[in-house]
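Enquirer: Take these sequences, add in the hints, and give me the full structure.
Quick mapping for you: the protein sequence lines, in order, are chains A and B. Residue numbers 1 to 236, in the UniProt record's numbering, belong to the letters of the first sequence in order. Residue numbers 1 to 236, in the UniProt record's numbering, belong to the letters of the second sequence in order.
Simulated from the structure, these hints should not be mistaken for lab results. Nothing here was measured: the structure is a model prediction, and the numbers come from that model. Be aware that one or more of the hints could be misleading.
[To be verified] These stretches of chain A come out as covered by chain B in the derived footprint (C-beta under 8 Å, 3 or more residues):
1. 71 to 84
2. 106 to 112
3. 180 to 191
All C-beta atoms in this analysis are idealised placements derived from N, C-alpha and C, irrespective of residue type, glycine included.
2 protein chains.
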Amino acid sequence: MGEHTVSSFDEELEHIDRLIRDMGDLSGAMTRASTNALLESDNALAQRVISDDTIMDAKQRELDERAITLIAKRQPMAQDLRSVVGAIRMASDLERIGDLAKNIAKRVGAVGQGATPRSLAHSIDAMASLVLQQVNGVVEHYVRRNPEALVHLRDEDEKIDIQYTSVFRELLTYMMEDPRNITSCTHLLFCAKNLERIGDHVTNIAENAYYVMTGSQLPVQRPKLDETQVTAEAGS
Amino acid sequence: MGEHTVSSFDEELEHIDRLIRDMGDLSGAMTRASTNALLESDNALAQRVISDDTIMDAKQRELDERAITLIAKRQPMAQDLRSVVGAIRMASDLERIGDLAKNIAKRVGAVGQGATPRSLAHSIDAMASLVLQQVNGVVEHYVRRNPEALVHLRDEDEKIDIQYTSVFRELLTYMMEDPRNITSCTHLLFCAKNLERIGDHVTNIAENAYYVMTGSQLPVQRPKLDETQVTAEAGS
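Expert: In structure tokens:
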């Protein structure tokens, strides 16, 4: 951590925002690359995602240190304090997105080559595209200070949940059809769950970004849909 | 949030520590109750865990607000700043443990009654006991300021990972034996994964607690074991 006493509060905050944008770009890239690696059995690409995660961790540490130093040295009040604390929280969610993408990448070997039926690969790919759109969108709306767009974006998370429940059911079907699919399908199940969880972190980021900009909470969210309602009766 | 200007820094920090201990107790109780609810198909208990999670969230918000106010008002340096920031991070991990326990509780209905073979229930129960020991231990060692115990505790996480990989394989076997087990077993798979992730959060807490107490990092950890190495070949 260097000395930042000569720079202004706003300059410091801009630097922190730049780190948020970098982390956002990286988390989007890792999400896309890990899914591509999974669907194309690309082990080299998977390795790149795994090593990208150390860059993500380093960025978060840098952001945390800068933010805490800024709070301690400048004692910001109200809006300014909200911005710095909000940045710490957003960075924490972005770092978790990196972790989840890394976890998808780590499963590339276990899923194995040619194991994913085409229609399933298509569903997972579509889900990843939705997720990527959300990751890129939330950072964009934060950087451009567009709270209205965040309300809309948060509501879009429902599409990911619907897509996820559908992938969950599709995976159950493949497992029931042929027991030889079970191992690779369980890994795909975790990958799909990770994509859904990336969507949840985007929701957290949207809520924090909205609070930073407006000082109030995003309107209460719909009850969350997920696969915990799919039972043996319903699934068969 | 009230006015704390008259209380000393140490009094404020003690209050924050009390919140950490409360959250630790609650996360242990939620972990145990959610697993019991799962293995005994106890829907009422599952509901209690789900509603406990709102208490957990409220505690974290309170801790966050107190900690940030403390940093802004008192501008603590070095050791003191480390303690406050460490508390924020530990609270974030404890809150995630609550989320994971809630997610286990939400699956109680989907797994269904009498669906879990006895030997599998035993393995999951044993895993939960290990996890619970870790959750309780890490908060205890933090409260008693015992960094040496944290080194040992962190290394114990490996036992959870070994147990988890074994549960993972056992679940694959049940799914392969009879396709009618697949839906409930996938939910159990997520539950076991959640227990394993609770162990990871304990590791994070141990690392933060150690840093708060000593100012240095825990010695580098062993490479993490997980089920991503279980392939279709190995699994069959």
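Enquirer: Give a verdict on every hint.
Expert: Going through the hints against the structure:
1. Here the stretch 71 to 84 of chain A counts 7 residues with a CB under 8 Å from a CB of chain B, which clears the bar of 3, and the coverage holds.
2. For the stretch 106 to 112 of chain A, the proposed coverage by chain B is satisfied: 5 residues have a C-beta within less than 8 Å of a C-beta in that chain, meeting the threshold of three.
3. Coverage of the stretch 180 to 191 of chain A by chain B holds. Counting CB-CB distances below 8 Å, 8 residues qualify, and the rule asks for three or more.
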